[in-house]
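Engineer: Use the sequences and the hints to build the structure in full.
When you number the sequence shown by my numbering, it's gap-free, plus one each residue, and the end is 140.
Treat the hints with care, since some could be wrong.
[What the hints assert, rightly or not] Cβ pair distances, simulated, as ranges:
hint : residue 1 : residue 2 : range
1    : Y14       : T48       : 25 to 35 Å
2    : P35       : H(-8)     : 36 to 46 Å
3    : A0        : P95       : 42 to 52 Å
4    : G128      : V41       : 36 to 46 Å
In short, the hints are calculated from the structure, not lab data.
Keep in mind it's a predicted model, so treat the numbers as computed, not measured.
Note that CB positions come from ideal geometry on N, CA and C, so glycine has one too.
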Amino acid sequence: MRTARLRTVHPVLWAGWAALAAGAVLCVLGWYGVSGERYAERQLPYLASCTVPGAALIVAGAVLLTHGRGALAAARVEELYGLLVAAEPAEADESGTAADAPLAVSGDLLMVPGGTLWHRADCPLVAGKVESVPVDAKLLASGELGPCPICEPVEETD
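Structural biologist: Here it is in structure tokens:
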């Protein structure tokens, strides 16, 4: 499942590579022109017409590549998040009743040591992880742990 955002990033990457290539060609042409002239006043046109625009194109290409790769990484993270959270179980498609049900409904609360969230036991983020442990009441009372936005656990008051 590819998103439309992934397809729109590729032209930015291609434009970045094209700008880098064009800038490199202009810099080489400027260097070649300058190297053939003995006097500085005859070298200046090559610097102004080839080398300076070539360097500007190299910088612009680097910026485009950086932006394109960052946008590509963000789009991939969004796609992975969508696969993790928004995916419905296979039986929900057939019955249609599980579409409105929360992802996690267990009453047991778990946390991952060093984490900042507490989860229900059947939350997709902690289910099956051997490092998950029951929630420490001291951490929960101190406010160091927040509820998971995926499973939306409710604090049990005993």
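Engineer: Hint by hint, note whether the structure agrees.
Structural biologist: Here's how the hints hold up against the structure:
1. Y14 to T48: 25 to 35 Å: Hint holds: Cβ distance 29 Å, inside 25 to 35 Å.
2. P35 to H(-8): 36 to 46 Å: Violated, at about 25 Å.
3. A0 to P95: 42 to 52 Å: Distance hint for A0, P95 holds at roughly 49 Å.
4. G128 to V41: 36 to 46 Å: Hint holds: Cβ distance 42 Å, inside 36 to 46 Å.
Hint violations for this structure: number 2 only, all remaining hints satisfied.
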